[in-house]
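J.: Using the hints provided, position chain B relative to the given structure of chain Y.
Protein chains: 2
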Amino acid sequence: MFIHMIRPKSIAVIGASRHPDKIGYQVLKNVLDAGFPKDKVFPINPKADQILGLKCYSSVKNVPGDIDLAVIVVPAKIVPMVLEECGEKGVKSAAIISAGFKEVGNVELERKLVEIAHKYGFRFLGPNIVGICDTIKSVNASFCQGLPLKGDIVFITQSGALAIALVGWTKMENIGLSDLVSIGNKADVSEIDLMEFFGKDPYTKVITIYLEGTDDGRRFIEVARKVSRKKPVVVLKAGKAKRTVGAIKSHTGSLAGSDTAYEAAFKQSGVIRAPTFPSLFEWAIALSKLPLPKGENAVIITNGGGAGVMATDAAEQYGVHLMDIPEDLKEKFRKFMPPFGSTYNPIDLTGMAGAEWYIGAIEAALKDDRVHSVIVLYCHTAQTNPREIGDAILSAIKNAGVNKPVVASFIGGIECDEESDRLTAMGVPTYVSPEQAVAALGALYQYYRYLKKPIGKPVKVEVDRDSAAKIIYDALNEGREFLLPSEAAKVAEAYGIPTLSKPLAKNLEEAEELAVKIGFPLVMEVESPQIIHKTDVGGIKVGINSLEDVRKTFKEIMENVSKARPDAEIKGIIVRKMAVQGREVAVGMHRDPIFGPLIMFGSGGIYIELYKDVSFRVAPLDTVSIDEMMKETKIYKLLTGFRGEKRGDIQSVKDVIARVSQLALDFPEITDIDINPLFVYEKGCMAIDVKILLKRK
Amino acid sequence: MFIHMIRPKSIAVIGASRHPDKIGYQVLKNVLDAGFPKDKVFPINPKADQILGLKCYSSVKNVPGDIDLAVIVVPAKIVPMVLEECGEKGVKSAAIISAGFKEVGNVELERKLVEIAHKYGFRFLGPNIVGICDTIKSVNASFCQGLPLKGDIVFITQSGALAIALVGWTKMENIGLSDLVSIGNKADVSEIDLMEFFGKDPYTKVITIYLEGTDDGRRFIEVARKVSRKKPVVVLKAGKAKRTVGAIKSHTGSLAGSDTAYEAAFKQSGVIRAPTFPSLFEWAIALSKLPLPKGENAVIITNGGGAGVMATDAAEQYGVHLMDIPEDLKEKFRKFMPPFGSTYNPIDLTGMAGAEWYIGAIEAALKDDRVHSVIVLYCHTAQTNPREIGDAILSAIKNAGVNKPVVASFIGGIECDEESDRLTAMGVPTYVSPEQAVAALGALYQYYRYLKKPIGKPVKVEVDRDSAAKIIYDALNEGREFLLPSEAAKVAEAYGIPTLSKPLAKNLEEAEELAVKIGFPLVMEVESPQIIHKTDVGGIKVGINSLEDVRKTFKEIMENVSKARPDAEIKGIIVRKMAVQGREVAVGMHRDPIFGPLIMFGSGGIYIELYKDVSFRVAPLDTVSIDEMMKETKIYKLLTGFRGEKRGDIQSVKDVIARVSQLALDFPEITDIDINPLFVYEKGCMAIDVKILLKRK
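Chains as they are written, first to last, in this note's numbering: chain Y, 1 to 697; chain B, 1 to 697.
Looking at chain Y on its own, in the form it has when it is part of the complex (with noise of 0.2 Å):
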């Protein structure tokens, strides 16, 4: 379907103008210039009789033949009509560059556009676009001037401002694209269908994505999981900073600002997250021209002792593996640099080395096949030239016969600069910096990582449902936001999470004789509907040991409340078994607006905002991602055994994971849970601490 869109075989521009300076004349003039075939291109425009040489038709339902792309330039109120012709007409697809919908407010013309689209079946792009440039069909349905390069990388962008800018930069860069394209407000088609599309093009080997949000979070990790076993997806994701941060709810919530939810999207979907738009293109360059590598060993080959500390340091950094040196492979080294030379990785070749050192040293790091990729680093000397390393580079690689990646750094001058785009040419991308080398490296290393990574399995839990159900009900039918600890410990209770009990005394004699069924030492905690920091009020006290303790500490309680809030209405007291102490952690769910329930695991205890020792994963979680969102905190390296610390039950752990996903799942009634602390014993874990926040659907 897309086809039409990207690679049309027809084009007519809706609102084609005379005049030069209209973005209706300068999009189909950008048609014509990029060798679109005249006869199939056809300017829609009542007022003409030609333009730029071609006939003009007052209307697209005119247009003899079929049309594959309409593409609409005509002012905002007359978009939906030109529409409508074009259902009427029958036309492929549409990509709709004018502006004046959503991004001005106006949501309802905007709205008209879908139906119409969805009225006769076909898909548009935009509004608000700047178009589409296509290297591969040469189709230029845009108002940028002049195609990219022709390239095997597509490019697709929510900011048009930087579709335009690209352009010009990735000429400039040397970077080759077979699409750009702009998607606007993105009503009706989004980067997923795109990402979809490009994942399926066989002229498309690397997508790239500039995003600023996406509007489906489910269907993007969905489809971006497909794509990305079959091509690398380098996704610049804009909007990290904290500066607009809502309303804080829970622990979690707070935890969770809104890039996490697009990080760990990223993570269980296999997208590579670029920081920067030149390092959007410098990985997506690496991941084009480059084979997968088949293991972790990195070789640095240097002739600059410098240029090699800075790759050290960036390997460190980006994650990529540098390999000890076994002694047979140093032997081979050693006899391509001076006696001061160093086999040490990385293997410093000196500034004495020539073509010939080079040649040699890479030729042995390829051939030897516990190595899996070099770095090759050039300083540019006095008594060397950057094309004949650039040909020592290629000539090893071809006199090795073998398929590993090489990615290489040139610093110096314009001989350098014009010899990177040589190699990069030629299948070995060349940077400025051994910085941006070995960054680009550790870009397909961890799309390597992705694709080796076991599938995860769907986790099943056996939960009771309808108890929780009727818990969380009565309390929104009450016109409660969350509920009381009692209840979501019985929430808990139900989905199989092992909790501690929280019976309610409701005066001082319940409290007694609850005392004395459960025996000392005991902990007693205020319930209130207006507490939810208990600490903070002088609400919960522990290590009660007798009845008097009770008694004095019912009091005291009640006091601290009512002085500190005496707004809260107290539902009572809970009194409960002192838990044994384990390792405490948390685990905790918020729901995102965009990807829907976020889970947590992290260091618990009262200082998990201080730390923030957490990590996230969008659910519904599969065993591998449990798995690694707990190797990603440090906390797990205490539950494994550190500094001859207790192991902790990491399953028991791992299945608390899961059932706190499984209930986000089935009640999105729940906006937040926070489990803090959940503490961990050497058999089990036992939560201590359950919230609930709710919010009527």
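If you are wondering where the hints come from, they were derived from the structure by calculation, not from laboratory data.
There could be a bad hint or two in this list.
It does not matter which identical chain is used: a pair holds within one copy or between any two.
With a Cα cut of at most 20 Å, we get these calculated EDC-like pairs of lysine to aspartate or glutamate [as the list claims (entries may be wrong)]:
#1 634 - 584
#2 171 - 415
#3 612 - 584
#4 577 - 173
#5 683 - 368
#6 612 - 632
#7 171 - 417
#8 634 - 609
#9 637 - 536
#10 119 - 510
#11 171 - 418
#12 646 - 536
#13 691 - 493
From a predicted model like this one, the values you see are computed outputs, not experimental measurements.
T.: Structure of chain B alone, referenced to chain Y:
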């Protein structure tokens, strides 16, 4: 003194050669090609009469008149001889290009050079250098092909390969340098000497250094601190990666990688650390071209929302504060944008923005006293050209008539690139990506904040040095490289650190006596030279409440320890008060081989190595460093009363830090100190565990 070396009036090239492929030829040719007066250049070669049209001398001693700089390119073995001749002649300085010294193991030969120079009282650069390039007096005493462009940034480099490569690269990037100096093995002249020289040099505005390591940490800090008050020092310090971490003996030691000391030293001396070589120069340009801001408020003005979002992300990352725009200023911006533009910083003029809107908006920002810096972003559009936008920026600055820093990012093709160069030359540093522009402004802010910061006062503490000395030297005389816990506690006490007493019971009887004397509850812990982590071997028990408990525990600890560590010599069992629980922090010291005592503060407890919430400074400390290092940690927030927690006595912790620093300065035999935990109370604090490691001097 260095003026003769860097900007000589006469040059002898010792080892000048007639053979164009020899460095001795190239260097002479480079000197002449750069335009140095022919009659002040003296080739020295006993086997030649004339080289490159100049009269040749058999020895430097035969040259008539003074020689400011002798450039030496003879083989390593002959260098001492010719250096001796230089001394006899009275040359004012030397630059030894010749290699074959310490870098290949010839330490003795290199030492000889220093001796000779000392004997005659001149200074020399190298050996093993590329040479000196000075654009101020057009000196190219190096084997770099041609001089860099003229400018006001000096580049001092420990990597020779980088020197040559960056001459080409800076030319290509239109970056001007005052000097480029390769320091090689720095047997005599170091980066510190040169930093001092260029600190006073009127031609140099910014000092940049590529550094792998300094030899005198203390002096580096002293000089950098003085110089950075006058002009910015930007350092690319390579070698962060932990590929080679030595043996780890203490918490503080394991947390202080070799890079940690540099990081601390840079902070204490105002050195700005750049992560890559391109950023080193990008930042230096901003620092050399721009006035310092007078406040924190930055405003972004853009024609593309996407570029604005990227810049916002970068602002958070690089510590640039985006101003909340006051309503009256918003009003002013609104005149220069369509109704759907944005006055929420970034100010989005939209893709419709032409030169007039840019002028208006930038002028409005610059004229407003509440705005201290401006970031202008331009995405190339079909309707505008970079030159007119560049002119708009320059006009706005002229119209506003104020001296505020303005940086820019022009995203687009070759025209944008050219305009960026022009704007940079005109005083508006302009970069490819928004991130680069913001990062450069961030460097300027870093410098601004350093200069604004109050100058710390040295901390003075009164201590009982003699008591500490006795304990320390007794242990060393016993052949021990550590203090026993009871000894360490006494040393801490002697230094005025509030410390939990740790009386030692040699047998059960003494333990019972101590228990009665101290009162319950108690802690008992094993004292053994072999046992550092007591928890790991069951060597510590808390909450002992009766004499019966004392007896039971004594037996238990003995059994645990002899089982876990049958090799351990048990000196006895400490019977001590159970300290009232306070907030757990840690204070420590690790003696860095280069910088000396590296003082640590951070979150304490057993998970210090897990969370690594620590910060470091090099002793001696001043009031400002102590304050800063505490504020860098997360635990500091807790001490100030986070989420309703009680405040901790911060002043008492500062005092402990000062005393630990003094202890480390007084005893070079102490290699490591760990106070962990240090319990912090609302009033005062107490060192619970003190560990001290020693090494005989």
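J.: If a hint holds in the structure, say so; if it does not, say that too.
T.: Tested hints:
Taking CA atoms no more than 20 Å apart as the test, residue 634 paired with residue 584 passes in both settings, with 12 Å inside one copy and 19 Å between copies. Taking identical chains as interchangeable, the C-alpha atoms of residue 171 and residue 415 lie at most 20 Å apart whether they share a chain (19 Å) or sit on different chains (12 Å). When the C-alpha separation of residue 612 and residue 584 is checked against a cutoff of 20 Å, the pair qualifies both within a copy, at 14 Å, and between copies, at 18 Å. Proximity of residue 577 to residue 173 under the C-alpha cut-off of 20 Å is found in neither arrangement, the shortest distances being 68 Å within a copy and 70 Å between copies.
Taking the closest pair of Cα atoms, residue 683 and residue 368 never come within 20 Å of each other, the shortest separation being 47 Å inside a single copy and 65 Å across copies. Taking the shortest Cα distances, residue 612 and residue 632 sit within 20 Å of each other both inside one copy (12 Å) and across copies (15 Å). Taking identical chains as interchangeable, the C-alpha atoms of residue 171 and residue 417 lie at most 20 Å apart whether they share a chain (14 Å) or sit on different chains (12 Å). Both within a single protomer and between protomers do residue 634 and residue 609 lie at most 20 Å apart by alpha-carbon distance, with minima of 14 Å and 10 Å respectively.
Taking the closest pair of Cα atoms, residue 637 and residue 536 come within 20 Å of each other only across two copies (16 Å); inside a single copy the shortest separation is 31 Å, beyond that limit. In this homomeric assembly, residue 119 and residue 510 never come within 20 Å of each other (Cα to Cα): the closest approach is 66 Å inside a single copy and 94 Å across copies. Taking identical chains as interchangeable, the C-alpha atoms of residue 171 and residue 418 lie at most 20 Å apart whether they share a chain (14 Å) or sit on different chains (14 Å). In this homomeric assembly, residue 646 and residue 536 come within 20 Å of each other (Cα to Cα) only across copies, at 10 Å, whereas the closest approach inside a single copy is 32 Å.
Taking the closest pair of Cα atoms, residue 691 and residue 493 come within 20 Å of each other only inside a single copy of the chain (13 Å); across copies the shortest separation is 46 Å, beyond that limit.
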